[in-house]
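Residue numbers for the sequence shown, in our numbering: 1 to 263.
Heads up, a few of these hints could be off.
Stated by the list, open to error - Label pairs and their calculated CB-CB ranges:
#, residue 1, residue 2, range
1, 112, 40, 46 to 56 Å
2, 216, 251, 14 to 24 Å
3, 45, 263, 44 to 54 Å
4, 143, 16, 36 to 46 Å
5, 24, 111, 50 to 60 Å
6, 113, 218, 46 to 56 Å
7, 257, 77, 43 to 53 Å
8, 236, 58, 24 to 34 Å
9, 40, 105, 45 to 55 Å
If you're looking for bench data, these hints aren't it; they were derived computationally from the structure. Backbone N, C-alpha and C fix where the C-beta goes; we use that ideal spot for every residue, glycine too.
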Amino acid sequence: MPEGDTVWLSARRLNQGLSGLLLTVFDLRVPELATVDLRGTAVTEVVARGKHLLIRLDDGHTLHSHLRMDGSWYLSRAGQRPRRHPDHMIRAQLGNAEWLATGYRVHDLRLVATSAEAELVGHLGPDLLGPDWDLDVAVRRLLREPATAIAEALLQQNNLAGIGNLYKCEVLFVERVHPWTPVGNVRDLPRLVTTAQRLMRANRDHPEQSTTGLLARGQQHWVYLRAGEACLRCRTPIRRADQGEPPRQRSTYWCPTCQPDLG
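Could you build the full structure based on these sequences and the hints that come with them?
What follows is the structure in structure tokens.
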């Protein structure tokens, strides 16, 4: 599941392959952008903003995409047919003389003026992996709604950008916080947010997402996707429940012993 670290790594790889070179391939396979042809322009940089990916061009445009639950960007050598997914899943291709970037099932493709990027990402809170990271601002934004359950608040990208369901669950376990604890009742909110940044930074340079420090199958995560299995810390069975209001509810995983409900 793409989260902020996955998007950050995708942006870095695309930047390495596309930045500074003229585009010889520019193919957007969505109806509203299908006729746009920006071959001959050059990519100036590719950056991540939370879960959003921004490809900036030297003509003053930015191509925006979002991976959501199932999107991905794949970089292959020019002239080689990418075989990561079937062709009907391709939504975008940008290439130069050396590399071809293929966007599979990427969402929210938009082409905007680079100066107008704020229309797409200006609502986001501080990016845990970005140069704009500000712990104090993130904490203040979380505290705007002190009665909101902390697990739900962490997923609200206007509070802080980049956390998805995996890191939501893992951060709360590491900090021994029950997922339904109101934000205002979290004992050390700055520490919790700092832990979130630390875990994401530890995983941003590689595709594996391990919060335990282990890569063995079934040991990469403390609680995420481990419902019914023994807690790696205390051996209590991990629990799972839906959290949030329909249709935006998400699965939450926690250990009832390590993360007790303090009322």
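The hint says 14 to 24 Å between residue 216 and residue 251; measuring C-beta to C-beta, is that right? holds (23 Å)
Could one say that the CB atoms of residue 257 and residue 77 fall in the range 43 to 53 Å? Given a distance of about 51 Å, which is inside 43 to 53 Å, the answer is holds.
Using the C-beta atoms of residue 45 and residue 263, is the stated range 44 to 54 Å upheld? The hint (44 to 54 Å, Cβ to Cβ) holds, given that residue 45 and residue 263 are roughly 49 Å apart.
Take a look at whether the Cβ-Cβ distance between residue 113 and residue 218 falls inside 46 to 56 Å. holds (47 Å)
Residue 111 and residue 24 - C-beta distance against the hinted 50 to 60 Å: violated (18 Å)
If you check the beta carbons of residue 40 and residue 105, does the distance land in 45 to 55 Å? The hint (45 to 55 Å, Cβ to Cβ) is violated, given that residue 40 and residue 105 are roughly 27 Å apart.
Indicate whether the distance between the beta carbons of residue 112 and residue 40 respects the range 46 to 56 Å. Given range 46 to 56 Å: violated, Cβ gap about 19 Å.
Distance restraint hint 24 to 34 Å, applied to the beta-carbon atoms of residue 236 and residue 58: violated (56 Å)
Residue 143 versus residue 16 beta-carbon gap, inside 36 to 46 Å or not: Between residue 143 and residue 16, where Cβ atoms are some 38 Å apart, the hint holds.
Going through the hint list in order, the structure does not satisfy hints 1, 5, 8 and 9.
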